[in-house]
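From first to last, the protein sequence lines are chains A and B. Number 297 in the numbering used here belongs to position 276 of the first sequence; there are no gaps in the numbering. Number 347 in the numbering used here belongs to position 63 of the second sequence; there are no gaps in the numbering.
To be clear, the hints were calculated from the coordinates, so they are not data collected in a lab. Mixed in with the good hints, there may be bad ones.
Keeping only pairs whose Cα atoms sit at most 35 Å apart, straight-line, the calculated DSBU-like set for lysine-lysine is [claimed, not checked]:
1. B/Lys436 / A/Lys286
2. A/Lys192 / A/Lys55
3. B/Lys509 / A/Lys189
4. B/Lys335 / B/Lys461
5. A/Lys290 / B/Lys320
6. A/Lys55 / A/Lys83
7. B/Lys509 / B/Lys411
8. A/Lys287 / B/Lys379
9. A/Lys189 / B/Lys294
10. A/Lys192 / B/Lys294
11. B/Lys379 / A/Lys290
12. A/Lys287 / B/Lys411
13. B/Lys376 / A/Lys113
14. B/Lys509 / A/Lys115
15. B/Lys412 / A/Lys287
16. A/Lys83 / A/Lys290
17. A/Lys55 / B/Lys509
18. B/Lys509 / A/Lys83
19. B/Lys543 / A/Lys189
20. A/Lys189 / A/Lys115
21. A/Lys71 / A/Lys55
22. B/Lys411 / A/Lys55
23. B/Lys335 / A/Lys159
24. B/Lys509 / A/Lys290
25. A/Lys55 / B/Lys373
26. A/Lys205 / A/Lys71
27. A/Lys115 / A/Lys192
28. A/Lys159 / B/Lys412
29. B/Lys412 / A/Lys189
30. A/Lys115 / B/Lys436
These numbers were taken from a predicted model, which means no experiment stands behind them.
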Amino acid sequence: MRQFRSMAYPYIIWIAAMIVVPMLMIFMYAFTVKGNDVTTFRFTIENFGKFFSDAIFIEVLKRSLFIAVITTIICVLLGYPAAYIIAQTEGKTKMFLILLITLPMWINMLVRTYAWMGILQDDGILNSILSIFGLDVKLLHTSFAVILGMVYNFIPFMILQIHTSLSKMDKSLIEAASDLGANKLQCFLRVTLPLSLPGVISGITLVFLPAVSSFFIPKLLGGGQFVLIGNVIESQFLTAGNWNFGSAISLIMAVIIMISMYITKKVDKVENGERGIFN
Amino acid sequence: MNKKTGIFSKIYIFIIMAFFYIPIIYTVIFSFNSSKSLTHFEGFSLQWYDKMFNDATMMQAVFYTIIIAVLATVISTVVGTITAIGLSKSNKIVKAVVEQINSLPIMNPEIVTAIGLLMLFSTLAVKKGFMTMLLAHIMFCIPYVILSIMPKLRSLDPNLADAALDLGATPWQALIKVIVPQIMPGIVSGALIAFTMSFDDFVISYFVTGNGVNNISIMVYTMSKRINPSINAISTIIILIITVVLIVINVIPVIKERKFKKGRN
Numbered sequence: 022m023r024q025f026r027s028m029a030y031p032y033i034i035w036i037a038a039m040i041v042v043p044m045l046m047i048f049m050y051a052f053t054v055k056g057n058d059v060t061t062f063r064f065t066i067e068n069f070g071k072f073f074s075d076a077i078f079i080e081v082l083k084r085s086l087f088i089a090v091i092t093t094i095i096c097v098l099l100g101y102p103a104a105y106i107i108a109q110t111e112g113k114t115k116m117f118l119i120l121l122i123t124l125p126m127w128i129n130m131l132v133r134t135y136a137w138m139g140i141l142q143d144d145g146i147l148n149s150i151l152s153i154f155g156l157d158v159k160l161l162h163t164s165f166a167v168i169l170g171m172v173y174n175f176i177p178f179m180i181l182q183i184h185t186s187l188s189k190m191d192k193s194l195i196e197a198a199s200d201l202g203a204n205k206l207q208c209f210l211r212v213t214l215p216l217s218l219p220g221v222i223s224g225i226t227l228v229f230l231p232a233v234s235s236f237f238i239p240k241l242l243g244g245g246q247f248v249l250i251g252n253v254i255e256s257q258f259l260t261a262g263n264w265n266f267g268s269a270i271s272l273i274m275a276v277i278i279m280i281s282m283y284i285t286k287k288v289d290k291v292e293n294g295e296r297g298i299f300n
Numbered sequence: 285m286n287k288k289t290g291i292f293s294k295i296y297i298f299i300i301m302a303f304f305y306i307p308i309i310y311t312v313i314f315s316f317n318s319s320k321s322l323t324h325f326e327g328f329s330l331q332w333y334d335k336m337f338n339d340a341t342m343m344q345a346v347f348y349t350i351i352i353a354v355l356a357t358v359i360s361t362v363v364g365t366i367t368a369i370g371l372s373k374s375n376k377i378v379k380a381v382v383e384q385i386n387s388l389p390i391m392n393p394e395i396v397t398a399i400g401l402l403m404l405f406s407t408l409a410v411k412k413g414f415m416t417m418l419l420a421h422i423m424f425c426i427p428y429v430i431l432s433i434m435p436k437l438r439s440l441d442p443n444l445a446d447a448a449l450d451l452g453a454t455p456w457q458a459l460i461k462v463i464v465p466q467i468m469p470g471i472v473s474g475a476l477i478a479f480t481m482s483f484d485d486f487v488i489s490y491f492v493t494g495n496g497v498n499n500i501s502i503m504v505y506t507m508s509k510r511i512n513p514s515i516n517a518i519s520t521i522i523i524l525i526i527t528v529v530l531i532v533i534n535v536i537p538v539i540k541e542r543k544f545k546k547g548r549n
């Protein structure tokens, strides 16, 4: 069937032009400064220096990481019980619950984020409810609103990932554990939880990555003053027109994401090594 | 729910679902508001739907979203299918390298893909607008199509195509009559993913578009700076269409199964 091989060739040219070249351009711009062309090409780390020596950018970086980490933690804490309960159901109930979880994911993310703007307004429904209890708080244009928006948009990924790994689990393992005298809590901590960790890990990846790079959720729910790293990249490209600095920041972001993924995978391995039942 | 799930579980699931659906219901309700307020419902009215249908920029955004989603889906499904079949017959190194590069747009944050394409198009002096947006959408859709077809090709018996060739089929016939029908489920799910990815895209479209070519996401983003209940109207229509489609997709197999069972009795 070698005659079919050539069918992949057009796409190889396409990915070279549309995926590889843009990636190389990001690297090239990140390590050069404005005014460079092919003849005066000079390698520099000036852009990275500019980022790490400016207190404002460091603050933005810290805030982005803080928001992303908190979002991920909330998604795990709220998503795990939901996935666990859904995994206990069967047949039509399960199908219906999964449909209810997936349905919002099909609706445009901008539309779903916009919906929160009305709810969180100063005279909005949430504040009217809170005022019954004598509370009057500013909700829109705060970190709370941004985290809420991110949890809302990304938690379905977490629930579905954990649910998949819980569903794949061999139920007889729990029966075996309880036959051997483990109580419900022990069954959960020693059998169910370790076996569902791969789902938690891929859920964390699916939540953390968009959370750290998002720029429209902070803009819509955080207001113009709420700047995350994605917003800095956006403004460098679309307002300031500084491709070199913008490329450098996106490389910094990519490296941070890679490091966090690496740590997450490492933690997963250690946990499984110590407490898992198969390693 | 079955007997095993307790009252706490039910309450918990109810709260989670309320969290998911309150903003959606809120959007639908306020699309019928007679005043401009997003916080106080002052009476039923269809004026925002009327405004929406008479708003040229909104209608144009809907048009561009649909046309780009359809074109990007068709092109990326065809190219993705051809490539996946080609890759399955390629040698290991080519296959591994292409699969690795192919997964980059999925693994990378969208904003990184977006700025890469922005710089590429600007450097080549391509006029930003419909063409750049379509090319970008094809670029990020093909990887999903390939990823959903590859597992089907892996589980395909390689002898099937050989048998077709031995029995006198031309390679083209073997491809269309033997291989493609076998991987059809993968092609269909790839096309569905491609369509929704294109329909919902904001980040990449936002960076590569220009000259007034907007899709629904970009429109919502730019309009949301001022209160505009027409956004609720268009959101409600999107929500309605998606809900109906998803319910139909999920209910049809159940009805079919029931009919099949009845037929057997």
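Quick rundown of the hints versus the structure:
| no. | hint | result |
| --- | --- | --- |
| 1 | B/Lys436 / A/Lys286 | 28 Å, holds |
| 2 | A/Lys192 / A/Lys55 | 61 Å, violated |
| 3 | B/Lys509 / A/Lys189 | 45 Å, violated |
| 4 | B/Lys335 / B/Lys461 | 50 Å, violated |
| 5 | A/Lys290 / B/Lys320 | 54 Å, violated |
| 6 | A/Lys55 / A/Lys83 | 27 Å, holds |
| 7 | B/Lys509 / B/Lys411 | 27 Å, holds |
| 8 | A/Lys287 / B/Lys379 | 28 Å, holds |
| 9 | A/Lys189 / B/Lys294 | 23 Å, holds |
| 10 | A/Lys192 / B/Lys294 | 22 Å, holds |
| 11 | B/Lys379 / A/Lys290 | 29 Å, holds |
| 12 | A/Lys287 / B/Lys411 | 46 Å, violated |
| 13 | B/Lys376 / A/Lys113 | 43 Å, violated |
| 14 | B/Lys509 / A/Lys115 | 40 Å, violated |
| 15 | B/Lys412 / A/Lys287 | 43 Å, violated |
| 16 | A/Lys83 / A/Lys290 | 27 Å, holds |
| 17 | A/Lys55 / B/Lys509 | 33 Å, holds |
| 18 | B/Lys509 / A/Lys83 | 26 Å, holds |
| 19 | B/Lys543 / A/Lys189 | 30 Å, holds |
| 20 | A/Lys189 / A/Lys115 | 14 Å, holds |
| 21 | A/Lys71 / A/Lys55 | 14 Å, holds |
| 22 | B/Lys411 / A/Lys55 | 23 Å, holds |
| 23 | B/Lys335 / A/Lys159 | 31 Å, holds |
| 24 | B/Lys509 / A/Lys290 | 46 Å, violated |
| 25 | A/Lys55 / B/Lys373 | 45 Å, violated |
| 26 | A/Lys205 / A/Lys71 | 55 Å, violated |
| 27 | A/Lys115 / A/Lys192 | 17 Å, holds |
| 28 | A/Lys159 / B/Lys412 | 40 Å, violated |
| 29 | B/Lys412 / A/Lys189 | 47 Å, violated |
| 30 | A/Lys115 / B/Lys436 | 26 Å, holds |
Comparing the model with each numbered hint stated earlier shows that hints 2, 3, 4, 5, 12, 13, 14, 15, 24, 25, 26, 28 and 29 do not hold.
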